[in-house]
Every structure is written in structure tokens, then in C-alpha cells.
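A.B. asks: So the protein lines, in turn, are chains H and R.
All residue numbers for the first sequence refer to the numbering used here, where the first residue is 502 and numbers rise by one.
All residue numbers for the second sequence refer to the numbering used here, where the first residue is 502 and numbers rise by one.
Rather than coming from a laboratory, the hints here were simulated on the basis of the structure.
Beta carbons: idealized from backbone N, C-alpha and C, even for Gly.
Be a bit skeptical, because a hint or two may be false.
[Unchecked claim] Capping the alpha-carbon separation at 30 Å, the derived lysine-lysine pairs in BS3-like fashion look like this:
1) R:Lys756 x H:Lys756
2) R:Lys756 x R:Lys638
3) H:Lys645 x R:Lys756
[What the hints assert, rightly or not] Here are some, though not all, of the chain H residues that point toward chain R, as calculated from beta-carbon distances under 8 Å:
4) Ser550
5) Leu649
6) Pro652
7) Glu655
8) Glu656
9) Val663
10) Val667
11) Asp752
12) Ser753
13) Val754
14) Glu758
Number of protein chains: 2
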Amino acid sequence: MSNSAAPTIGVFDSGFGGLTVLRALIARLPRARYAFLGDTARLPYGSKSRRTIARYAAESARFLVDRQGAQFLVIACNTASALALDAIQDAVSVPVLGVIEPGAAAARAASRSGDVLVIATDATVQSHAYFAACRSKGLRALEKACPLLVPLVEEGWTSHPVTSEVIRIYLDELNGQAAADGLHPDTLVLGCTHYPLLRSLIQHAVPAGMRVIDSAESTAEAAFHLINGSASLSADANAVPSTEIHCFATDSVDKFERLGSRFLGHPVGAVELVDLGG
Amino acid sequence: MSNSAAPTIGVFDSGFGGLTVLRALIARLPRARYAFLGDTARLPYGSKSRRTIARYAAESARFLVDRQGAQFLVIACNTASALALDAIQDAVSVPVLGVIEPGAAAARAASRSGDVLVIATDATVQSHAYFAACRSKGLRALEKACPLLVPLVEEGWTSHPVTSEVIRIYLDELNGQAAADGLHPDTLVLGCTHYPLLRSLIQHAVPAGMRVIDSAESTAEAAFHLINGSASLSADANAVPSTEIHCFATDSVDKFERLGSRFLGHPVGAVELVDLGG
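Here chain H stands alone, though its shape is the one from the complex (with noise of 0.2 Å):
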């Protein structure tokens, strides 16, 4: 692609969670086209072994660099990061950010205690990615599976008495355990793409004072310094008169289209069914 056309960026998700992530993005980078690709045919990574994720991620990846033209890649997913992020920087030759690292970082710079909590779903917490990430910057982190989350945004209960009281169960839980291990956590990593549409109940559940880290958001900044310091990307981005989306998915467009304008804050439009195979 040369630099006068618009420059394209990819975002992957194995569903469409990942689409508060485009939200975030969109908000720090309007001016780009933007493809967003939804593995829903394969979903959940999250029960499947790594090399199988690895394979599905790089497939997704390739997708969105060779047949979409996208010029940079955003993982919108925490288990693809946490597990396929070498692999799918080996399968395509455009710059590759994650989730993780962004969500570590933002951490790292919020804390004072050096203590953090991370709440994600159980294979994002099986991988103990963030707590790899967050120890890599001098951090203590403590992690705990909500598998309870993702199920209740889905129902659209997102502010609804019952997940006030599942988060209020989660967070005592987890403050109990950080408790007993001597910890004195001041910072919460939001680890899973569909949380930021509990945010508010999270953040009236949390004890006065902590801050709250949502991945998304320090995903969509993390983004924009790459791209910004980048110079055929940046000049690119400055080309392109306002914001473009396609949405792909693998499998299954009903459920995307009926959900993911809640979770992208406005309508996703018309979502192409493609064949990856598998």
C-alpha cells in the first residue's frame, strides 16, 4: 500500500469482545479504516491447547494483513495475546501489539504499592500472562478468574442487581486472598476485552482508592504512539478523512451484529461471513 492510501489496521479477536478494543481505538485514532475479524467459528480459544490457538490466530492474522491490507495489527484478545503473540508476528511482517503488555504497562504506572489484582477469564488466568508481564515491570500481581463475567454481559445484564453482587462476591474473594498473602494491591487490570461494559460496577465495587486499569483503553493508547511513531503510518493516518469499519467473522454473524453494537458503542453495520477454513 502506498502512503497516500488510508491506512488500514487489523484488529482480531477469536469473538466479539475485542470490539471495546476497536472502541478504545477509534476514540484515539478516528482518522483510519479499520477490520475487525471475529474467529466465532472457532471460539472459545480459551478451552483449546496452544498450538491449536496458534494456528487459528495466525490463520486470523494473515486474513486481515494479506486479503484486508491492514498495515498494523491489534490483538483484541487476551488469549490469543497470551499465547499465539510469537506466532502470529511470525506469520505476517506488520508491526503486532497485544493486550497484555498495554494492560501490564498502564499498571505499572498506576500502582504505587507495586501490588496489583487482574481479573480475566480462567484461560486468560491459566496462562499467567499478566503476572509474567507485571512481574517483568516490578510488580506483584494477584490474578482471578470470573468466569461468571462474560456469560452476564452477554445477557446484557450489565447493570443489574445480580452482577453487582457476582462482581462484590469476585472482589471479596480476591481481596481476601491478597490479604493472606501480604499484598496491599492499589491498581485492578480489567484482563478480559468484555469488561469494560461492567466498568462502572467495578469501579463502585473496588475500595476507595483503587485505581482501575481497563486493557482496552491502554491497548487504544499504546496503538496510537506506535502508529505515531511511525512515519509512513502516521502520514497515512493523516490522509484519511474520518473513521471506516469492516467487520468479518467466521461463523455465526447473527449473534455479532445483535451484541456488538454494545460492545462498540454504536451500530457494527453489515458483518461478511468468511471462510478460514478448519
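Assemble the complex: chain H is given as a structure, and chain R must be docked to it using the hints.
C.D. replies: Using the frame of chain H, we list chain R on its own:
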């Protein structure tokens, strides 16, 4: 397989929820060899197209018949029963029993008013398979998707106040809809293999006098009668001294082994990983 060998009953699910059906089968037919396959690499079936589900289910059925010697197949999966029973029957030469028909038959036997309620996953409700099976028996059925119940069971909250509250909310909505439609339901069908673990909470939440039908039990009952009606299978059944169970999964046996015992009611033992391709 000769008549002197032990009869093998194949039980298939996309995950491990179907272990509640296996549990009911063992209670009714303890003297048999069971081969259970959870196609965990490719779950959930619910979000996939009918063609894809039919292919996966047929491959799984062939594994149980051709490689495990199953002489009778129970499809312990509502989605596969709803969307792929024909494809499975075409793929193998042994008798095949799904969970929907027995559930509807038990509702027919239980209901005096002729109006029944069905709770199930989103995919099962969207297929309207229970509605159709009930209508063919002269019943009016009102179906409701209860997408939070499976995650609540998998979180282990089977007697938790949050789960009681979620059940109350779902049943209030369902009973309100039934009243608005002019129905007088006296029977509730549990149309998901996870729901038997919530039976006591559900029993507590339904209006007085409402019968609760567990399709796992109804399916085991139907299997018992079909097998006793088959000379070769019932002869075999008398030749087996006790229950033998072999569990197989297509990916990630950890969760299967961890949660499976809760569904089966006793330890599942070692789960063997098998590769069906795709």
C-alpha cells in the same frame, strides 16, 4: 461384536454436560459398558451452523461406533439432537436416541393442561426443536433461553443464592410470558444437560404443583425400553457383570476431569484424548 461380548452404549456430547445423561443411563442400565465422547475441541456447537454441527456430530458418532464398538448411541447433547439427529442416523448403522424426543414424551405424560414450559440454551431454543416435538404430541410449548445457567453450574454455584435469584428471574419472565399468551403450564422441561445439577433450586422456584421433567432421566428411560426391546442388546446386557465407563475428549481433558465428576456423580477417571481432525 458377538452376543457373548458386553454391550457397549456410546454416549456423545459436544462437552461434558452429557455426563448427567450418562449418570441417568447408569442408574437405569448399570450392567453395560459405556463409551462417552465429549467433542470439547469444537464446542460450543450452539454458535455454529447446522452443516458444521452435522459434520462434527457424524464424525463423533462414527468414532463411538467404528472405533469403540458402540451398539447403541445416545446423543446426550440438545444442540446435536436438535440439528443433527438425521445426519448421525445416516452416518452409523446402530440405533440412535436423542434427548429431545424423550423429554417431550415425558412432558406429554406429565401434563394435564397440555401447556408446557421449556428452559434450555440459546441454541436449543433457537432451533425450536422442543416446540416442534411437543406440538407433534398435541402440547403447546413455550421455550426460554437461560444462558446464565450453564456458566453458573460450571462455576460450581449449584446451590448458591445468586443462582436461585437468576432462576427466579428467568422463571418469572417465562411465567409472565405464558400468562400473556393465555397458556396454563403445569410442566417444566429441563432442556439442557447441565440443568439436572440445578434441579433442587428449580424445583423450589416453580409454582406449586408444577412437574419438572429432567430430559436426562427421560432419555435413560427410553434407552432402557429400546435396549430391552432388542433381543441382541438385552441378551448382551445380561452378560455384563457391572458398569464400565470409558471417557474420551477431543481437547483439553483438564476441565473435563475437574468438573466431570460433579455431573457424573462419581469420579470420571482418566479421560483419553482423541483426535477427530478438523
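A.B. asks: Next, verify each hint and record whether it holds.
C.D. replies: Verification of the hints:
no.	hint	in the structure
1	R:Lys756 x H:Lys756	holds, 26 Å
2	R:Lys756 x R:Lys638	violated, 38 Å
3	H:Lys645 x R:Lys756	holds, 17 Å
4	Ser550	holds, 6 Å
5	Leu649	holds, 5 Å
6	Pro652	holds, 4 Å
7	Glu655	holds, 7 Å
8	Glu656	holds, 6 Å
9	Val663	holds, 6 Å
10	Val667	holds, 6 Å
11	Asp752	holds, 6 Å
12	Ser753	holds, 5 Å
13	Val754	violated, 11 Å
14	Glu758	violated, 13 Å
Hints 2, 13 and 14 from the earlier list are contradicted by this structure; the remaining hints agree with it.
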